[in-house]
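> Whole structure, please, built from the sequences with the hints as guidance.
Chains as they are written, first to last, in full-length UniProt numbering: chain Z, 1 to 343; chain F, 1 to 343.
There may be inaccurate statements among the hints.
[Said to hold, decoys possible] Restraint ranges, calculated between C-beta atoms of paired labels, are given here:
(1) F:12 <-> Z:286: 17 to 25 Å
(2) Z:82 <-> F:209: 27 to 35 Å
(3) F:54 <-> Z:323: 25 to 33 Å
(4) F:182 <-> Z:303: 36 to 44 Å
(5) F:74 <-> Z:38: 51 to 59 Å
(6) Z:101 <-> F:54: 28 to 36 Å
(7) Z:323 <-> F:24: 27 to 35 Å
(8) Z:115 <-> F:87: 51 to 59 Å
(9) Z:286 <-> F:195: 54 to 62 Å
Bear in mind the hints are in silico, worked out from the structure with no lab data behind them.
The structure presented is a predicted model; accordingly, all values stated were derived computationally and were not measured.
In this text, a Cβ means the ideal position worked out from N, Cα and C, and glycines have one as well.
Single-letter residue listing:
2 protein chains.
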Amino acid sequence: MATLVMQLLGCDVASLNTVHFSNHTGYRQFKGTRATAEQITDLYEGLCQSHLTDFDVMLSGYAPSAAAVEAVGAIGMDLQRKAEKKPGSFFWALDPVMGDQGRLYVNDDVVPAYKKIIHHADLILPNQFEAEVLSGVRIASLSTLAEAITVIHATYNVPHVIITSVDLAGFSESSAQKTPPNSLTIIGSTTCSDGTPRLFRVDVPALDCYFSGTGDMFAALTVARLREAVFAADPQLQTTKSWVSPDDVKATDLPLAQTTVKVLASMHNVLEKTMEARNAELRAADTQGDEQLSEEERQKRQHLRNSKAAEIRLVRNVRFLRAPTVEFQAQEWKKEDLPSGSA
Amino acid sequence: MATLVMQLLGCDVASLNTVHFSNHTGYRQFKGTRATAEQITDLYEGLCQSHLTDFDVMLSGYAPSAAAVEAVGAIGMDLQRKAEKKPGSFFWALDPVMGDQGRLYVNDDVVPAYKKIIHHADLILPNQFEAEVLSGVRIASLSTLAEAITVIHATYNVPHVIITSVDLAGFSESSAQKTPPNSLTIIGSTTCSDGTPRLFRVDVPALDCYFSGTGDMFAALTVARLREAVFAADPQLQTTKSWVSPDDVKATDLPLAQTTVKVLASMHNVLEKTMEARNAELRAADTQGDEQLSEEERQKRQHLRNSKAAEIRLVRNVRFLRAPTVEFQAQEWKKEDLPSGSA
Chain Z
1 MATLVMQLLG CDVASLNTVH FSNHTGYRQF KGTRATAEQI TDLYEGLCQS HLTDFDVMLS
61 GYAPSAAAVE AVGAIGMDLQ RKAEKKPGSF FWALDPVMGD QGRLYVNDDV VPAYKKIIHH
121 ADLILPNQFE AEVLSGVRIA SLSTLAEAIT VIHATYNVPH VIITSVDLAG FSESSAQKTP
181 PNSLTIIGST TCSDGTPRLF RVDVPALDCY FSGTGDMFAA LTVARLREAV FAADPQLQTT
241 KSWVSPDDVK ATDLPLAQTT VKVLASMHNV LEKTMEARNA ELRAADTQGD EQLSEEERQK
301 RQHLRNSKAA EIRLVRNVRF LRAPTVEFQA QEWKKEDLPS GSA
Chain F
1 MATLVMQLLG CDVASLNTVH FSNHTGYRQF KGTRATAEQI TDLYEGLCQS HLTDFDVMLS
61 GYAPSAAAVE AVGAIGMDLQ RKAEKKPGSF FWALDPVMGD QGRLYVNDDV VPAYKKIIHH
121 ADLILPNQFE AEVLSGVRIA SLSTLAEAIT VIHATYNVPH VIITSVDLAG FSESSAQKTP
181 PNSLTIIGST TCSDGTPRLF RVDVPALDCY FSGTGDMFAA LTVARLREAV FAADPQLQTT
241 KSWVSPDDVK ATDLPLAQTT VKVLASMHNV LEKTMEARNA ELRAADTQGD EQLSEEERQK
301 RQHLRNSKAA EIRLVRNVRF LRAPTVEFQA QEWKKEDLPS GSA
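Written out as structure tokens, the structure reads:
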């Protein structure tokens with residue numbers, strides 16, 4: 001997913017596969033192999049020895065063990081080190097894939113491995129649960145959400161953060177109720193020079209379907225679009241370490257905010273098309289054979305059918321990656337908007 | 001290369017990687033892993049158990065051992081078997097990757113492994129050397145070329161063959177001299193109902209550069225375009241086993257011939273753009289550090305630099321895959337065109 005999305009947006013990608021599975025894990029069954037830390041390191045050494053490491057951007061995602069996270073981290077750090085003399089010439093976006101919905105789906109030792117390497121990343125893209133794990137702050141309100149982001153910036157010295165999905169409807173505060181119904185909120189921030197967050201939020205309509213791969217899709221689109229936004233901004237920005245905008249740039253004018261808005265528009269278009277195709281596929285599905293199955297078998301068959309039908313339709317919807325037809329808005333999110341009593 | 005090309009032409013691809021290398025082998029050094037036969041089989045079983053095998057087309061390419069070739073062969077045969085009751089609903093294109101320029105670059109036992117599975121393929125795409133290996137005919141003239149194709153059709157019962165590059169300039173016959181200078185010839189054939197070949201040839205200008213991945217690019221474009229050409233032809237063809245056109249279809253009107261012409265046009269456009277980019281990259285290359293190297297080291301460094309500069313520029317030249325700007329012609333190649341005395 002991530003490789004193809006970047007390629008479709010015109011990036012030449014060297015993909016280092018950390019797993020090779022028959023299908024995504026949403027099917028609840030799969031076969032295949034996981035790369036060891038040694039194999040990951042070895043592939044990178046292969047690139048080094050042939051002088052093939054002139055990357056502008058690195059996107060790191062799921063790694064199947066703590067050792068693999070460390071190996072990926074070592075690659076990111078080596079590339080940062082190589083680019084040290086040319087600030088802005090290399091950017092590392094790190095998706096700290098650890099879990100979702102209150103549950104870790106990696107080994108416990110993966111968490112400290114991520115905590116060690118995030119210091120070196122330029123952007124991280126945790127979901128709400130991962131942001132809780134990294135910050136140690138339980139996110140149950142707008143104020144704790146702001147606190148979590150502030151803590152992440154400060155603890156890990158990471159200049160850009162996007163929390164890729166926040167369940168504001170689950171919050172109790174009155175200000176959270178202002179969120180349009182059936183919507184999903186994405187929160188982002190780029191630090192000011194004093195380390196304080198510059199927060200923005202984008203609300204998008206939620207689609208009533210579970211898709212696998214949206215996290216990778218979001219991250220890949222963000223990487224491709226952010227570089228574009230930085231190059232379109234003040235020319236100084238592209239030679240600034242980590243592409244951190246000057247303090248006078250408002251939250252909603254940040255390249256990160258402009259990127260997020262565009263990324264979400266592309267995703268909304270593609271996922272809407274996917275949902276149409278899914279519905280048509282499920283209507284046309286031949287379920288006659290199901291009658292002979294046990295209830296358990298029938299449910300499993302139905303889950304596999306649903307999972308396949310909901311596979312994101314990317315290759316035929318490339319136009320929406322390039323030029324989305326919807327437009328969302330980033331809103332600045334200031335301290336005074338937070339409920340009273342919050343930090 | 002193959003996966004991306006098919007995706008760029010709108011195909012949803014399930015890619016089963018038989019190797020995972022840091023770079024292509026043209027660099028003369030690489031690191032990474034090869035899939036075992038068991039790993040290949042396991043991934044396919046993963047697809048089967050979740051009902052993810054409704055493929056229209058399979059393209060098989062390089063496999064790193066005889067056992068791996070057998071494992072790939074078993075997948076192709078299983079998919080053929082599943083489609084048995086719906087002729088034309090599945091098509092297997094097999095690239096018998098074994099060697100080039102008179103030299104095998106696989107183990108000797110890979111050759112008999114290919115010879116066993118080719119019987120089940122619908123299309124094979126050998127280069128000149130691989131066609132010699134499969135036919136047992138040394139190709140040194142137009143007549144021996146025709147003989148090799150006839151033998152391949154007959155021995156392996158494979159209905160479509162494309163020989164992806166023929167060195168006609170190396171032939172001694174007068175008819176070969178008619179070939180325009182600095183050109184490359186591609187020969188294809190679809191059998192008639194009596195098993196005789198329907199031969200066509202396409203001459204294209206050769207580009208003075210060595211590119212890696214052109215074989216995979218050719219195969220992937222052919223697979224995507226052939227299905228399109230078959231669906232655009234007589235509606236009966238898409239439900240005909242192996243998409244073999246009726247006997248009254250002339251060689252140059254074959255979907256395979258129309259496909260080849262289009263594929264070569266796309267390739268010519270993309271490779272021409274690649275050559276321009278390569279030349280610019282080499283002109284701009286910083287070779288100052290080379291002076292301190294030994295002669296051997298300097299040559300190696302230069303080879304790595306040349307290899308990287310010649311990497312095929314695909315992602316920015318997608319428009320040429322979709323709509324090439326040059327047009328080539330397929331010519332019918334009849335027996336009477338062959339030098340006298342040939343079969």
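> Is 27 to 35 Å right for how far apart the beta carbons of residue 82 of chain Z and residue 209 of chain F are?
The hinted range 27 to 35 Å holds for residue 82 of chain Z and residue 209 of chain F, with Cβ atoms some 29 Å apart.
> Look at the Cβ atoms of residue 101 of chain Z and residue 54 of chain F and judge whether their distance stays inside 28 to 36 Å.
Taking Cβ atoms as reference, residue 101 of chain Z and residue 54 of chain F lie about 31 Å apart, which means the hint holds.
> May I ask you to test the hint 54 to 62 Å on the CB atoms belonging to residue 286 of chain Z and residue 195 of chain F?
Once the Cβ atoms are compared, 38 Å apart, the range 54 to 62 Å for residue 195 of chain F and residue 286 of chain Z is violated.
> Take a look at whether the Cβ-Cβ distance between residue 182 of chain F and residue 303 of chain Z falls inside 36 to 44 Å.
58 Å, violated
> Return holds or violated for the Cβ distance of residue 54 of chain F and residue 323 of chain Z against the range 25 to 33 Å.
The hint (25 to 33 Å, Cβ to Cβ) holds, given that residue 54 of chain F and residue 323 of chain Z are roughly 31 Å apart.
> Range first: 51 to 59 Å. Now tell me if the beta carbons of residue 115 of chain Z and residue 87 of chain F are that far apart.
58 Å, holds
> Take the C-beta atom of residue 12 of chain F and the C-beta atom of residue 286 of chain Z, compute their distance, and say whether it sits inside 17 to 25 Å.
For residue 286 of chain Z against residue 12 of chain F, whose Cβ atoms are near 20 Å apart, the range 17 to 25 Å holds.
> Taking 51 to 59 Å as the stated bounds, is the beta-carbon spacing between residue 74 of chain F and residue 38 of chain Z within them?
Because 30 Å falls outside the window, the suggested range is violated.
> Range first: 27 to 35 Å. Now tell me if the beta carbons of residue 323 of chain Z and residue 24 of chain F are that far apart.
33 Å, holds
Taken one by one, the earlier hints fail for this structure at numbers 4, 5 and 9, listed in ascending order.
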